[in-house]
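Protein chains: 4
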Amino acid sequence: MKKDFKSLKETCFRSNRMLPESGLVLHTFGNASVVDRERNVFAIKPSGIAYEKLKPEDIVIVNFESEVVEGNLNPSSDTRTHACLYKAWKEIDGIVHTHSTYAVAWAQAQKDIPVLGTTHADHMAIDIPCTGIMSDEMIGGDYEHETGIQIVECLRKKRLAYQEIEMILVAGHGPFTWGTTADKAVYNSIMLEELARMAYLTLQINPEVPRLKESLIRKHYHRKHGEKAYYGQK
Amino acid sequence: MKKDFKSLKETCFRSNRMLPESGLVLHTFGNASVVDRERNVFAIKPSGIAYEKLKPEDIVIVNFESEVVEGNLNPSSDTRTHACLYKAWKEIDGIVHTHSTYAVAWAQAQKDIPVLGTTHADHMAIDIPCTGIMSDEMIGGDYEHETGIQIVECLRKKRLAYQEIEMILVAGHGPFTWGTTADKAVYNSIMLEELARMAYLTLQINPEVPRLKESLIRKHYHRKHGEKAYYGQK
Amino acid sequence: MKKDFKSLKETCFRSNRMLPESGLVLHTFGNASVVDRERNVFAIKPSGIAYEKLKPEDIVIVNFESEVVEGNLNPSSDTRTHACLYKAWKEIDGIVHTHSTYAVAWAQAQKDIPVLGTTHADHMAIDIPCTGIMSDEMIGGDYEHETGIQIVECLRKKRLAYQEIEMILVAGHGPFTWGTTADKAVYNSIMLEELARMAYLTLQINPEVPRLKESLIRKHYHRKHGEKAYYGQK
Amino acid sequence: MKKDFKSLKETCFRSNRMLPESGLVLHTFGNASVVDRERNVFAIKPSGIAYEKLKPEDIVIVNFESEVVEGNLNPSSDTRTHACLYKAWKEIDGIVHTHSTYAVAWAQAQKDIPVLGTTHADHMAIDIPCTGIMSDEMIGGDYEHETGIQIVECLRKKRLAYQEIEMILVAGHGPFTWGTTADKAVYNSIMLEELARMAYLTLQINPEVPRLKESLIRKHYHRKHGEKAYYGQK
Numbered sequence: 000m001k002k003d004f005k006s007l008k009e010t011c012f013r014s015n016r017m018l019p020e021s022g023l024v025l026h027t028f029g030n031a032s033v034v035d036r037e038r039n040v041f042a043i044k045p046s047g048i049a050y051e052k053l054k055p056e057d058i059v060i061v062n063f064e065s066e067v068v069e070g071n072l073n074p075s076s077d078t079r080t081h082a083c084l085y086k087a088w089k090e091i092d093g094i095v096h097t098h099s100t101y102a103v104a105w106a107q108a109q110k111d112i113p114v115l116g117t118t119h120a121d122h123m124a125i126d127i128p129c130t131g132i133m134s135d136e137m138i139g140g141d142y143e144h145e146t147g148i149q150i151v152e153c154l155r156k157k158r159l160a161y162q163e164i165e166m167i168l169v170a171g172h173g174p175f176t177w178g179t180t181a182d183k184a185v186y187n188s189i190m191l192e193e194l195a196r197m198a199y200l201t202l203q204i205n206p207e208v209p210r211l212k213e214s215l216i217r218k219h220y221h222r223k224h225g226e227k228a229y230y231g232q233k
Numbered sequence: 000m001k002k003d004f005k006s007l008k009e010t011c012f013r014s015n016r017m018l019p020e021s022g023l024v025l026h027t028f029g030n031a032s033v034v035d036r037e038r039n040v041f042a043i044k045p046s047g048i049a050y051e052k053l054k055p056e057d058i059v060i061v062n063f064e065s066e067v068v069e070g071n072l073n074p075s076s077d078t079r080t081h082a083c084l085y086k087a088w089k090e091i092d093g094i095v096h097t098h099s100t101y102a103v104a105w106a107q108a109q110k111d112i113p114v115l116g117t118t119h120a121d122h123m124a125i126d127i128p129c130t131g132i133m134s135d136e137m138i139g140g141d142y143e144h145e146t147g148i149q150i151v152e153c154l155r156k157k158r159l160a161y162q163e164i165e166m167i168l169v170a171g172h173g174p175f176t177w178g179t180t181a182d183k184a185v186y187n188s189i190m191l192e193e194l195a196r197m198a199y200l201t202l203q204i205n206p207e208v209p210r211l212k213e214s215l216i217r218k219h220y221h222r223k224h225g226e227k228a229y230y231g232q233k
Numbered sequence: 000m001k002k003d004f005k006s007l008k009e010t011c012f013r014s015n016r017m018l019p020e021s022g023l024v025l026h027t028f029g030n031a032s033v034v035d036r037e038r039n040v041f042a043i044k045p046s047g048i049a050y051e052k053l054k055p056e057d058i059v060i061v062n063f064e065s066e067v068v069e070g071n072l073n074p075s076s077d078t079r080t081h082a083c084l085y086k087a088w089k090e091i092d093g094i095v096h097t098h099s100t101y102a103v104a105w106a107q108a109q110k111d112i113p114v115l116g117t118t119h120a121d122h123m124a125i126d127i128p129c130t131g132i133m134s135d136e137m138i139g140g141d142y143e144h145e146t147g148i149q150i151v152e153c154l155r156k157k158r159l160a161y162q163e164i165e166m167i168l169v170a171g172h173g174p175f176t177w178g179t180t181a182d183k184a185v186y187n188s189i190m191l192e193e194l195a196r197m198a199y200l201t202l203q204i205n206p207e208v209p210r211l212k213e214s215l216i217r218k219h220y221h222r223k224h225g226e227k228a229y230y231g232q233k
Numbered sequence: 000m001k002k003d004f005k006s007l008k009e010t011c012f013r014s015n016r017m018l019p020e021s022g023l024v025l026h027t028f029g030n031a032s033v034v035d036r037e038r039n040v041f042a043i044k045p046s047g048i049a050y051e052k053l054k055p056e057d058i059v060i061v062n063f064e065s066e067v068v069e070g071n072l073n074p075s076s077d078t079r080t081h082a083c084l085y086k087a088w089k090e091i092d093g094i095v096h097t098h099s100t101y102a103v104a105w106a107q108a109q110k111d112i113p114v115l116g117t118t119h120a121d122h123m124a125i126d127i128p129c130t131g132i133m134s135d136e137m138i139g140g141d142y143e144h145e146t147g148i149q150i151v152e153c154l155r156k157k158r159l160a161y162q163e164i165e166m167i168l169v170a171g172h173g174p175f176t177w178g179t180t181a182d183k184a185v186y187n188s189i190m191l192e193e194l195a196r197m198a199y200l201t202l203q204i205n206p207e208v209p210r211l212k213e214s215l216i217r218k219h220y221h222r223k224h225g226e227k228a229y230y231g232q233k
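Chains as they are written, first to last, in numbering that gives the first Met the number 0: chain A, 0 to 233; chain B, 0 to 233; chain C, 0 to 233; chain D, 0 to 233.
Careful, some of the hints might be misleading.
Intra- or inter-copy, both count: the list cannot distinguish identical chains.
Taking lysine-lysine pairs in the BS3-like style, the calculated list, with each CA pair at most 27 Å apart, reads [as the list claims (entries may be wrong)]: (1) K223 - K212; (2) K233 - K223; (3) K156 - K5; (4) K89 - K183; (5) K157 - K54.
No lab work stands behind these hints: they were computed from the structure.
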């Protein structure tokens with residue numbers, strides 16, 4: 000009894016289309032996916048298709064083993080990274096990968112993006128982590144799956160909760176972001192790019208500037224995300 | 000006897016909409032307000048609402064104690080900062096807060112923007128001040144009100160007149176600008192962002208360049224703002 | 000016997016409108032003028048008028064003493080600088096002044112823009128000169144006229160022909176460009192901004208890079224401008 | 000017996016129009032060409048014509064000796080460089096030359112662009128080479144032909160295959176790209192500009208960052224280009 004994936008594909012299509020509209024991707028680079036937790040499948044961009052030619056029906060449905068469930072095209076070559084994260088983290092419903100310029104520059108520089116101001120602290124109370132460079136064993140193995148493992152392990156080692164950070168830089172590669180919805184994952188990619196750009200400029204102006212002090216970080220993070228948050232509408 | 004705030008809301012709406020059109024804000028960041036000095040209320044953007052979805056009727060009217068006078072939505076979380084400035088400075092009618100990229104970079108770098116050229120001197124004869132980082136007491140207290148206090152005190156200590164400088168960087172946070180009208184406050188935010196960008200590039204090209212000499216600063220400032228100003232139309 | 004300045008005003012209007020369209024000016028900054036050599040007058044932007052509100056009939060006609068010949072608005076506050084250049088240099092018919100970002104950064108950095116590549120050499124075989132900072136006497140005198148004198152003297156001292164360089168940076172202020180037509184002056188402002196940006200990036204990547212070697216500079220300049228030029232159409 | 004070059008001209012026209020649409024060229028700068036291998040001719044942009052005024056019938060057809068076969072305008076002054084490359088490299092069908100900002104900055108800085116991340120490695124497993132500065136003999140000789148010779152020799156000395164690198168920086172000048180089609184050559188120019196920008200930012204953030212490790216470069220290059228490539232659709 001085949002179920003209808005039309006709505007899932009359309010959500011995924013819209014999220015993917017937001018990437019070039021936000022200036023985050025060039026050519027066929029990047030991909031967004033959306034999960035259906037009830038059916039244990041996710042929708043993802045097909046591999047190597049230009050965004051301007053993408054149609055909702057081109058979106059590929061795959062299961063958590065990265066096998067195609069529905070669709071005529073090959074799914075993104077990063078599909079196994081997405082699958083790995085959906086399996087490891089039960090509370091996320093969307094993932095985005097881009098090669099946006101400033102986030103990639105920090106990933107290539109192999110550096111965490113430090114909290115330097117409240118724009119960052121409004122979203123996270125911690126530095127945006129950058130993984131280490133992948134080992135030759137992982138590169139030579141199931142590479143895209145290992146990229147997912149690397150992301151999960153990086154957060155675990157740094158004792159960071161994926162519900163709180165929602166973004167990471169894979170060293171020498173680029174950013175992955177996620178969220179409780181695909182829209183939130185796209186939002187996070189846009190925000191990461193701007194935080195990466197602000198941090199870059201800040202350190203060019205004053206290389207000696209310290210990380211923002213903890214009390215100010217906590218204040219901004221909690222006014223948006225704490226139990227007593229008072230930012231936004233109820 | 001309830002009065003009509005329609006015109007005040009529309010002015011405030013238009014000022015807020017100018018922020019994304021000028022490239023100064025991302026997502027829901029930033030806010031513009033407009034005061035009605037006769038009724039001692041001001042109109043301000045609701046908290047956490049995206050600019051492209053904002054409607055004139057969403058604008059919130061609050062009094063100088065930051066209590067909602069009219070409106071169904073929560074006002075901006077920065078409302079008490081605006082209230083503090085309107086109470087302290089009788090000659091301003093509009094305030095704008097953004098997280099524009101270059102101004103934030105200088106605020107995060109915790110540095111004043113020096114007068115390096117006539118583009119700056121056409122607007123102000125002084126460096127654009129950056130406050131210190133807020134004390135833990137202020138952060139732990141009525142934070143947004145204290146931000147206003149911090150701004151007022153910074154100008155007072157540096158013996159700067161708010162009628163002449165019309166912009167400030169809050170350290171680790173970002174810019175606030177104001178003016179005799181909301182339009183002027185928006186203009187000042189746009190100008191600040193460009194001055195921040197020019198000063199950044201100048202110091203990258205020549206880190207040793209001195210502040211512009213005082214006679215040239217005075218000449219440019221006074222041809223636009225002095226008693227014998229001859230810039231513009233009468 | 001009053002003559003018709005309609006055509007001169009329209010040419011001047013079009014040149015001024017090209018400045019915001021090319022991203023060279025913010026707000027009311029900058030101005031373009033066009034000369035009528037037969038009548039010894041030039042058309043120039045009115046002072047402090049926003050480009051988007053500018054109409055052809057707003058353009059002001061002034062003579063070489065900077066006196067208004069026709070028009071209801073005050074001419075640009077930089078009018079006497081334009082007049083000075085038109086009087087000194089008989090072979091130019093258009094002048095443009097902007098506060099474009101990268102050109103201003105070099106002017107504020109008080110540095111000549113060196114010839115680092117063929118994009119520059121295609122236009123000029125020499126560095127783009129930056130004047131010294133104006134003396135207090137000149138600032139305190141007829142400032143805008145003195146700015147023109149400063150430009151003319153800077154070229155004279157460096158033994159540069161205004162027919163060959165067509166652009167200059169006024170230290171601590173910004174760029175002026177000129178040309179045999181107003182269109183050429185606008186073209187030069189666009190080109191200067193791009194050369195300023197390229198030189199900035201080049202020196203960020205490699206601060207030690209030498210000036211382009213003379214034989215290559217000469218080759219590119221002469222293939223476009225020499226007697227045996229073979230670039231373009233006849 | 001005159002043959003019809005209509006289709007060749009239209010392909011060349013479209014490729015040239017993509018350059019300003021992609022933000023790679025200013026004014027009349029840059030040029031794209033497309034070869035017809037059966038007839039040993041290629042279509043190229045006319046010299047010094049603005050892109051917005053360019054029409055398909057303006058495109059010039061030349062043979063491999065750079066002689067005009069059809070067309071009323073002078074071909075690009077870089078025609079002999081294109082001819083040299085088409086003769087030397089039998090497997091390319093399109094060539095693009097631009098003065099795009101970041102690629103020119105690296106060319107002017109006279110530095111290879113190192114492989115710093117997977118965005119680069121997805122396209123090439125090697126640094127993007129920058130030639131040396133041309134000798135006075137070559138500059139004084141048949142300059143545009145010698146530019147072609149310089150490009151071919153640079154790849155030969157570095158033992159690089161033109162089928163694998165598809166782009167080069169000519170020192171002090173700017174980028175040339177090529178490909179098996181004109182579209183691919185344009186794609187390569189866009190990609191080169193983004194790689195140049197990413198590498199610039201990376202080294203500003205961390206001047207000490209090493210080249211990406213070889214195993215990771217190889218992995219990304221081969222998943223898109225190797226015999227077992229699995230990126231894209233079949």
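Now for the hints, and whether the structure bears them out:
no.: 1; hint: K223 - K212; result: within (18 Å within a copy, 40 Å between copies)
no.: 2; hint: K233 - K223; result: within (12 Å within a copy, 47 Å between copies)
no.: 3; hint: K156 - K5; result: neither (39 Å within a copy, 55 Å between copies)
no.: 4; hint: K89 - K183; result: within (16 Å within a copy, 41 Å between copies)
no.: 5; hint: K157 - K54; result: neither (39 Å within a copy, 43 Å between copies)
This entry does not satisfy hints 3 and 5, going by the numbered hints stated previously.
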